[in-house]
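Asker: Listed below, chain by chain, are the residues.
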Amino acid sequence: MDSNNIAQNQPSLRLTGFIYAWFFDQNNPNNYQKTFDKWIYILIILNAACIVAEHIPSIFDPYQARFHQFELFSLGVFTIEYIMRLFAAPADPEFSNRKLPRFAFIRSPYAIIDLVAILPFYLALFIPLDLRVLRLLRLLRLLKLLRAVIPAVQEFAQANRGRTFRQQVFALLNPTPTSGKLHEMVDSFVVWWVFISVVCVIIESVDSIHYVLGMQFIYVDVISVSIFTMEYLFRLYSCVEDPKYQGAIKGRIDAAKSPLAIIDFLAIVPFFLEGLLHHIFDLRFLRIFRLMRLLKLTRYTSSTNTLSKALEREWPVIAASTFIMLLLVVLTASLGFLFEHEAQPEKFENIPQSIYWAVITLASVGYGDISPVTPVGRLMTMIMALVGIGIFAVPAAILSTAFNDQLHKDRESIQTDLLRYMKDGVVTPEERVKLLEAAAALHVTEQEVDLLIERVREEKELAQNGMLPIDAIKREPEVAFEQFRHSIGHLRQIMAVGDAAKVRQLFEVPGRATDDERAVWKLLDRS
Amino acid sequence: MQADTAPQHNSNHAEPKKPYITSGDIAFLIFALLVLFILMNISYTIWKDEASSGETKENGEHVVAVFTEQGLKRGNAEANPPAVCDFSAMTWAACRDVMFAAGAPLGETKNTFSKDNLLIASACDRNDPHTLGSLIFEKGTPKPDGSGFTYSPIADDEKLDQVVPMRLTVCVRGFVVERISAFTF
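So the sequence lines, in the order shown, correspond to chains A and B. First residue of the first sequence: 0, per numbering that gives the first Met the number 0; consecutive thereafter. First residue of the second sequence: 0, per numbering that gives the first Met the number 0; consecutive thereafter.
Isolated chain A, as found in the complex:
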């Protein structure tokens, strides 16, 4: 039953229906349900992070008051959410048919979880509860995430019924038609851990922070590596479901050699090497390779794909301009060595050393640690620096243009998809969601997609009526001429198949047609 109908049919439910429709109705794409849920989930995760932080005295002690304020804020938000859900229960189709909808809501599993998340703190006002017990109970707030996870698991199980374990693992880790929301959650989970782990690697390099939080950084690293290792193994295990990687051994070797798999491998291998060999070798330098985890994000963004396609397409031109650039560097370095070696033998000692100076000069960096002193050397540097500005800019310009072109092409693919979807004349909500997903990946806004849908729809309607788009007619007199003739032919067809006598009578009825229309009819009727 639609919540708006509920609200309209029962005036007493107008407010509950309104709240339900705006904040909790999952079937209404234009309400705030997704935004509301998103912020609630963020708050739950922040709560979990706070519980962890509260166990670290160096973080908790100076900010005790702030932690307490955040706790009160969270408690307030979760309480308001619970009250809103309770209030809106009569408008919720799940409970509206029950005798006592609100009581039915209270007894529902999700509502019990919501209550458990807030009740201990109200109880603590009356019963003295140990702080550690309270913290433990706050962890139960994580259960609130089940409201999102359980439906996703059910949807995934439904979509993958009858499939093998390996196919299900593949669907979970890769975007397939049966992957659903659970796959998106797995992706988000991995992405978040990439961020957390990389931020920790960066912060860890600050000695004073590492001194205090050494153990916490180890916890984060162990959890991250466990997640990434399992992800890597399961990807490798299920990759044979991809037609690209056929064969139990060969397929997996091919998959392991793919750039994304190599990145995944590099994200975990420093941990194992350091863990196993740190007594023998100083492998601290490997820690910096943990930043490679950031490259894991390339799997989740289309920009890298666009850039690699652009690079691949423009590779011959980039290679040619790079060759000219290298030529210029060698020439400048050689001339620099020729003119400056005698004057500054310690700085222009040999050509390799001069290459460093040439690159720094031509790239307009100009550290100034090595500079020419002879008049000829200076003149040559001036000329080469001016030439360098142009030559060094060429690869950047090529790459930038190629990237733009590729992005444009990718965006055009949305229009191709749209035309395919509109073969049946309509864009279904599912097709619209797919279009919006593609658009989001290419940074095209929802409004732009709607405009595109509208434009394609109009063009399609006109084409169905045998009419060309107005702007095409407006541009070309030839097109206008042909379109006019086509329209007259169409009118003749109508007259040929219609009952001419009866149509003539209709034209005689006053007010049914304009004088111009009547005149055209008579003209064609005569001929």
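Hints are not guaranteed to be accurate.
To be verified - Below, simulated SDA-like cross-link-like pairs (lysine to any residue); rule was C-alpha separation at most 25 Å, straight line:
| hint | chain 1 | residue 1 | chain 2 | residue 2 |
| --- | --- | --- | --- | --- |
| 1 | A | K33 | A | L142 |
| 2 | B | K17 | A | E154 |
| 3 | B | K109 | A | L142 |
Unchecked claim - One side of the interface only, derived from the structure: several residues of chain B facing chain A at Cβ under 10 Å:
| hint | residue |
| --- | --- |
| 4 | L105 |
| 5 | E107 |
| 6 | K109 |
What the hints assert, rightly or not - If we take Cβ atoms under 8 Å as the criterion, some of the chain A residues that face chain B in the derived model are:
| hint | residue |
| --- | --- |
| 7 | Q157 |
| 8 | F164 |
| 9 | I217 |
| 10 | L232 |
| 11 | D281 |
| 12 | R283 |
What the hints contain is simulated information worked out from the structure, not anything from laboratory work. Fair warning: this is a prediction, and the values are worked out from it, not measured in the lab. Just so it is clear, CB atoms sit at the ideal spot from N, CA and C, and this is done for glycine as well.
For this one, chain A is given, so just place chain B on it according to the hints.
Answerer: What follows is chain B alone, placed relative to chain A:
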């Protein structure tokens, strides 16, 4: 869009029904568990070493506090209790041994990695595993430009009749030298 561009499942409903899980799948799961076990083992070792490193750093902080306190008693005959070392007569080695002797202010200090490892060493040396978890005392020599000190291992026969600028570092997990603090003694 992702769904459109993604590789499709290799399965075909028209094909004979495949078993939900095969022996190959089970073998993989066992392998994954084995990797997880190795990972947990490494993690436990790292955790244990990091815990010992944390205790070593705490030891170091305590040692610095005690040495600083003792240093303040230099030349103060009224101090109660009096300084443990006789600064005018003792060398660094003698004073250090008294400070770490049983019943002395630092008598309880132990190497947190292993009781067999050195409590005090002159350097954190990967080639000598016994130096892991040890305390390293260094003497500060003023830089010529007056911008601070250069630290080097303190000699056992170093006289203590003058105030000595010192620094304590500890040798922690991975034979990494962690600086605790500079102090005067």
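Asker: Look at each hint and say if it fits the structure.
Answerer: Taking the hints in turn, this is what the structure says about them:
For the given pair, A/K33 sits about 18 Å from A/L142 by alpha-carbon distance, which is consistent with the 25 Å threshold. For the hint pairing B/K17 with A/E154, the CA-to-CA distance comes to about 22 Å; that is within 25 Å, so the pair holds. The suggested pairing of B/K109 with A/L142 is violated, with an alpha-carbon distance near 44 Å, which exceeds 25 Å. For B/L105, the shortest C-beta to C-beta distance to chain A is roughly 21 Å, which exceeds 10 Å, and the interface hint is violated.
The beta carbon of B/E107 comes no nearer than 23 Å to any beta carbon in chain A, farther than 10 Å, and the hint placing it at the interface is violated. The criterion of a C-beta within 10 Å of any C-beta in chain A is not met by B/K109, whose closest approach is roughly 20 Å, and the hint is violated. Violation of the interface hint for A/Q157 is found here, the shortest Cβ-Cβ separation to chain B being roughly 15 Å, above the 8 Å cut-off. The interface hint given for A/F164 is met, as the beta carbon of that residue sits about 5 Å from the closest beta carbon of chain B, less than 8 Å.
Given the 8 Å rule on beta carbons, the hint for A/I217 holds: about 5 Å separates it from the nearest Cβ of chain B. For A/L232, the interface hint holds, since its Cβ comes within 8 Å of a Cβ in chain B; the closest pair sits about 5 Å apart. Annotation: A/D281 was flagged as interfacial toward chain B, and the flag holds, the nearest CB pair being 7 Å apart, inside 8 Å. A hinted interface residue such as A/R283 counts as satisfied when its beta carbon comes closer than 8 Å to some beta carbon of chain B; here the least separation is about 7 Å, so the hint holds.
Violated hints for the displayed structure, listed by number in ascending order: 3, 4, 5, 6, 7.
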